[in-house]
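Chain order of the listed sequences is A and B.
One point on numbering: in our numbering, the residue at position 234 of the first sequence is 234, and numbering is uninterrupted.
To convert, take the position in the second sequence, counting from 1, and add 1000; that gives our numbering.
It is possible that some hints are incorrect.
What the hints assert, rightly or not - Derived coverage of chain B by chain A (criterion: at least 3 residues anywhere in the stretch with Cβ under 8 Å from a Cβ of chain A; other residues may be distant):
#, region
1, 1022-1034
2, 1090-1097
Said to hold, decoys possible - 30 Å max Cα-Cα, derived BS3-like pairs, lysine-lysine:
#, chain 1, residue 1, chain 2, residue 2
3, A, 153, B, 1073
4, A, 153, A, 73
5, B, 1073, B, 1153
6, A, 153, B, 1153
7, A, 168, A, 153
8, A, 73, B, 1153
9, A, 168, B, 1043
10, B, 1153, B, 1168
11, A, 153, B, 1043
12, B, 1043, B, 1073
13, A, 168, B, 1153
Claimed, not checked - Listed next, the stretches of chain A that the computed footprint assigns to chain B, with coverage defined by at least 3 CB atoms under 8 Å from CB atoms of chain B:
#, region
14, 143-156
15, 181-188
16, 200-207
Since the hints were made in silico from the structure, they are not lab data.
From the three backbone atoms N, C-alpha and C, an ideal C-beta is built for every residue, glycine too.
Protein chains: 2
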Amino acid sequence: MRIDVVYAPNAVTPADLAGRTVVVVDVLRATTSIAVALANGAKAVLPAASTDEALRIAQNLERDAVVLAGERKSVRIEGFALGNSPAEFSPEAVSGKTIVMTTSNGTQALIAAQGAREIIAGAAVNFSTVAQRARAALEQHGDLVILCAGGDKQFALEDAFAAGRLTKVLLPEGGLRRVTVNDGAVAALELARHYGERWARALRASAHGRELVELGFRSDLEMCAAQDTHPVLPLYADRRITAHRASNEG
Amino acid sequence: MRIDVVYAPNAVTPADLAGRTVVVVDVLRATTSIAVALANGAKAVLPAASTDEALRIAQNLERDAVVLAGERKSVRIEGFALGNSPAEFSPEAVSGKTIVMTTSNGTQALIAAQGAREIIAGAAVNFSTVAQRARAALEQHGDLVILCAGGDKQFALEDAFAAGRLTKVLLPEGGLRRVTVNDGAVAALELARHYGERWARALRASAHGRELVELGFRSDLEMCAAQDTHPVLPLYADRRITAHRASNEG
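Next up, chain A with everything else stripped away, as it sits in the complex (with noise of 0.2 Å):
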């Protein structure tokens, strides 16, 4: 069994991911926007890598049934419906509509994972629905890879700790003995050992959560800190993301 925390996804190419399960994290903000918009009716988010190429993914979908979303600098795209914080995909805004959506890293780290066997958007607001499926992936796999975002190519400490939390309630009984980790997952775990399941410390602690403060983002740090208030398990294939029905299960 083996379980790798990779901290920013230019460290992986699409072959070190190949056949793997990979848990995509994004905490600030872009995995839990995706959780709160699934669990609030969207019927999908679509990944774009840019502005421009998200125009051109809302181009071939009906006007009325998408939205576009995302954010520059932390700052809503001109010209798009919404931004990135959580709290803007409310049901009003989002249920039955096709979300287009392009991040400065969260979306880029999913596109990146493509081609691995199964991608699930993870972060705080649906933390023990996406632990519960990696559990399944490792038992029936016997390997996960959790992928941070991270902030432009360097380590997130906000993503670094979800990754902690996650490897830390994956582990079997017996613990690092039964379980092979790389370097990423034992310094993850270090700093879930510290923050304990105090999410809104890590948050708070991390640079990009300052900044958020500071831009005035302070609820969204609150939202993305709410453990399992959005209890959806979003997937990612054929470049949609959507929530997994337990009636698809097995």
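With chain A held as given, fit chain B onto it using these hints.
Below, chain B alone, put in the same frame as chain A:
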């Protein structure tokens, strides 16, 4: 005052490092071997990006004055006099010689740092000497980057621990309240808290450390984990790493 810890050379561009002081860390084993070579009387170490480049550089030097050193997949490059075990860089092998060296991660990280204001090669064997110089740079310029070589673009535990140890001893009284650190430094400090001064434990816990033991390099780990055995200050400028003499100071 600012300290940034970066976990892989591909996470930074030359522009990110311009005008800054950079400590490059590859504890297992390149920066250890470089410190040992210089402490044992090597005139200079010239990092090369590839085997071909190493051969080309060596051709332009006097045959008797040059020693080729380096590894791929931890094993000595065929035809090279030395591999990357610090014990190989004995006074008999290196005194008065110019070492041309190419390794999988360490020399690549050094080359990536070119263009910085000052580049220091740091390891456990010269830890306090490097810390002293880094402290002086922080006091004078208010800024330091610790660049981990990592392994194949990935986070490496031994380098992250070394970065944490170095960050910890550099923190001014008042700790994190008096210095700005990036998320990488926060996580590195957590590893420093966990392993304390137990270099050997951190090195043995790392994936590359375990791999080296399997390949028969157990004694390398012991040598790489021994703090302050080779108190030399390797500075990299104009494509050459040389031992800085105290008499050159200010």
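Self-check item: 8 Å C-beta criterion, at least three residues: is the region 200-207 of chain A covered by chain B
Solution: With 3 residues closer than 8 Å to chain B, the region 200-207 of chain A meets the three-residue bar; holds.
Practice problem: Measure nothing beyond the straight line between the CA atoms of residue 153 of chain A and residue 73 of chain A; if it is 30 Å or shorter, mark the hint as holding. | Solution: Within the cut-off at roughly 14 Å; holds.
Quiz item: Does the alpha-carbon distance linking residue 168 of chain A and residue 153 of chain A stay inside the 30 Å limit?
Solution: Given pair residue 168 of chain A, residue 153 of chain A holds - Cα atoms ~24 Å apart, limit 30 Å.
Practice problem: Check whether three or more residues of the region 1090-1097 of chain B sit with their beta carbon closer than 8 Å to a beta carbon of chain A. | Solution: With 0 residues close enough to chain A, the hint is violated.
Quiz item: Keeping to a limit of 30 Å between CA atoms, is the pair of residue 168 of chain A and residue 1043 of chain B held or broken?
Solution: Between residue 168 of chain A and residue 1043 of chain B the Cα gap is close to 49 Å, so the pair fails against 30 Å, i.e. violated.
Self-check item: Holds or violated: residue 153 of chain A to residue 1153 of chain B, with C-alpha atoms at most 30 Å apart
Solution: Given pair residue 153 of chain A, residue 1153 of chain B holds - Cα atoms ~11 Å apart, limit 30 Å.
Exercise. Please work out if residue 153 of chain A and residue 1043 of chain B have their alpha carbons no farther apart than 30 Å.
Key: Violated, at about 37 Å.
Exercise. Quick one: see if chain A covers the region 1022-1034 of chain B, three-plus residues with Cβ-Cβ under 8 Å.
Key: n = 0 at 8 Å, threshold three: violated.
Practice problem: For the pair supplied as a hint, residue 73 of chain A and residue 1153 of chain B, confirm whether the alpha-carbon distance does not exceed 30 Å. | Solution: holds (25 Å)
Quiz item: Holds or violated: residue 1073 of chain B with residue 1153 of chain B, Cα cutoff 30 Å?
Solution: Distance of about 14 Å is within 30 Å: holds.
Quiz item: Has the given pair, residue 1043 of chain B with residue 1073 of chain B, been kept, meaning a C-alpha gap of at most 30 Å?
Solution: holds (27 Å)
Quiz prompt | Straight-line alpha-carbon gap residue 168 of chain A to residue 1153 of chain B, limit 30 Å | solution = holds (24 Å)
Hints 1, 2, 9, 11, counting from the list given before, are not met by this structure.
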